[in-house]
Amino acid sequence: MRLTRNLAAALTLAIIATLAADAGLAFTDKVKAHFPYSDIIGFYIAFGLVSTFAIVYGSKWLGTILERTDEDDDDEEQADE
Amino acid sequence: MSSFLPAFILVLGGALVLVLPARVRPALMVGAFGLTLLQLVVFLDLDTTWETQWLGFDLMPLRVDALSLAFGTVFAIIGVLGSIHGLHIRDRGQQAAALFCGSGALGVVFAGDLLTLVVFWEVMALGSAFLISKGGRSASMAAAMRYLFVHIVGGAVLIAGVLWHFADTGSLMFGWFDGGAAAWLILIAFAVNAAIPPVHAWLADAYPEASASGAVFLSAFTTKTAVYVLLRGFAEWEILIIFGTVMALYGVIYAVLENDIRRLLAYHIISQVGFMVTAAGIGSQGAIEGATAHAFAHVLYKGLMIMATGAVMTAAGTTKMTELGGLAPRMKMVFTLYMVGAFSISAVPLFAGFVSKSLVTGAAYYDGYDIAALLLYVASVGTFLHTGLKLPYFTWFGSKRATPVTLIAKVPTGMYVGMAGAAALCIAIGIFPQTFYDFMNLTGHYNPYNLNDTIHTVELLVFTGLGFWLMVAALKPKPTVSLDVDWPYRHAAKPARVLVQEPLERIFSTAERAKDAVVAWTTLAASSPETALQRLPLGDGVRKAAIVTLSRPPLAAAIGALLLTFGVLIVVVVLGS
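As given, the protein sequences belong to chains A and B, one line each in that order.
In this text, residue positions in the first sequence follow the numbering used here: the first is 1, and each later residue adds one.
In this text, residue positions in the second sequence follow the numbering used here: the first is 1, and each later residue adds one.
Read the hints as simulated data drawn from the structure, not as lab findings.
Hints are not guaranteed to be accurate.
What the hints assert, rightly or not - Listed next, with one range per pair, are the computed distances between beta-carbon atoms: (1) B:Q434 <-> A:F27: 26 to 34 Å; (2) A:L11 <-> B:P329: 18 to 26 Å; (3) B:T318 <-> A:A10: 23 to 31 Å; (4) A:A20 <-> B:R330: 50 to 58 Å; (5) B:E505 <-> A:W61: 22 to 30 Å.
Since the model is a prediction, treat every value here as computed from it, not as a measurement.
Don't be surprised by glycine CBs; every beta carbon is placed ideally from N, CA and C.
Working from the sequences, and respecting the hints, build out all of it.
So this is what it looks like as structure tokens:
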């Protein structure tokens, strides 16, 4: 529980620091950005969050399509053979 | 010392391992890889070549340039670290297989001609298969056979392509291919080893069945030699950009569904190799150098993570996340070292992956492949999500089980030393990128630690962490497996039995029964002709005539049979003439 609280606190601090850094970038001389739209404040923040949701839910959806068997099925089948 | 093949020391080491006693073999392994590393770093000069003729073929068994030297060096480094990690192993076969596998990998990267390449390619495949078979798990042998099947098919395609290429060009020299059917065959064979979908499933099938130390060698050699040959032979083949981005995403998608920590890492090998394959497809100088740097870093951090999961397997006796959890207080050092590898693969600043992966994504952007670059960023998010968050959380934390996981064995000291060595290199590369680039003989000017890239990378990582926090319940592992394209040949035995084996068995058993019946009837006819004739499906008249004939004295019957035979012969001869 204590560990969970510490991790939550660390994550909150990291989010605040990252948001501040991202806002700060708007006032700096930029190296050429990788993407034209990456100059938008918070682009990578949104990109990280949306990608995470897309990967997790996309994979879970694929998991329901791909027939998933119990882990021991393969071993039993191979043992039979 | 510089003029002989780097693979030679490992071949010699492998041969010695086969005859020397157990107490010296671990040291011999470390020594063989160590001497090879010494030869590569100190004695082997850039642009060294060894050309020769054999059976009229012009061959170049040794070609040293920046590309081959970088791959060869990292193979030797991971060989040393993997051998230290496996110092406790006494299995002669496993030790010899690791050395032969390493010699195959080194032989491939220093081969200047296709014939030498094919020979070492097959040595590597055989060594790898043997290494998997020695995994000590119930499914290891079956996985090794499937691995061998896939790689024998791949090897046959490679040989066909090389012969076709030789017929077309009259040369066996290994360089850039400019298209044609022969080149496509060779590309398919290389794709098998690179684990490009849909010929990728052998990797996640086989590597987790190897032993804790065997998997370290496997993860380093096979796919990275394939990356090397793609960079050398198929740079600027744009189809590789598509394959590479598909690989990068495929690995992270399957990793969500995985419960086995070693299979999860195996899928991430596919994902990371996807970055390198994409770079090969881009083919610019920056992309090639980025892929080379990323392959070098990848061998180290992936080796480290596989060593750490091997340590978990050794201590806990399982690799399933549903059976793990809460190990952090009892395996602090393993967890810490694993996290160095996880931060490296996730491209966290100050770790190895950051200074190598950014070269690949940067090259994708600067060469105009924006979509590919964006998809690689998505794959990066997935990488951190699984290897940096999901795997460590459900292995070392996140346990609400009533009884803690039982640790069945102590982690050997050698494992800690091997992991510490790999971790030190991952951190050193991350902190001193220019030294790393110089060591790799990279000619471009790269600065990974510019403010923009560093902050944007941190943003990606932190908010991936937030996403994980919000979705930790959805990521909870389940005791299931996901079907991949290996399903057909993993389950091929049953249809093969129904379609081929059983019909053939029926034919042979019918023939066997017929033969037995003939023998039994003939025996019966000799002792009791009348009873035998009664059993034949004959008409009454025929049966009576036959009984009369058989009732005559034996001499008369014999003469009758003889005359009948001669008569038949005469008819045959007359008709034949």
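Verification of the hints:
Under the hint 26 to 34 Å, the C-beta atoms of B:Q434 and A:F27, about 28 Å apart, fit the expected range. With their beta carbons about 21 Å apart, A:L11 and B:P329 fall inside the hinted range of 18 to 26 Å. Under the hint 23 to 31 Å, the C-beta atoms of B:T318 and A:A10, about 30 Å apart, fit the expected range. At about 38 Å, the CB distance of A:A20 to B:R330 disagrees with the hint of 50 to 58 Å.
Checking the proposed 22 to 30 Å range against B:E505 and A:W61 shows it is violated: the Cβ atoms sit about 44 Å from each other.
Against the hints set out earlier in the document, violations occur for numbers 4, 5.
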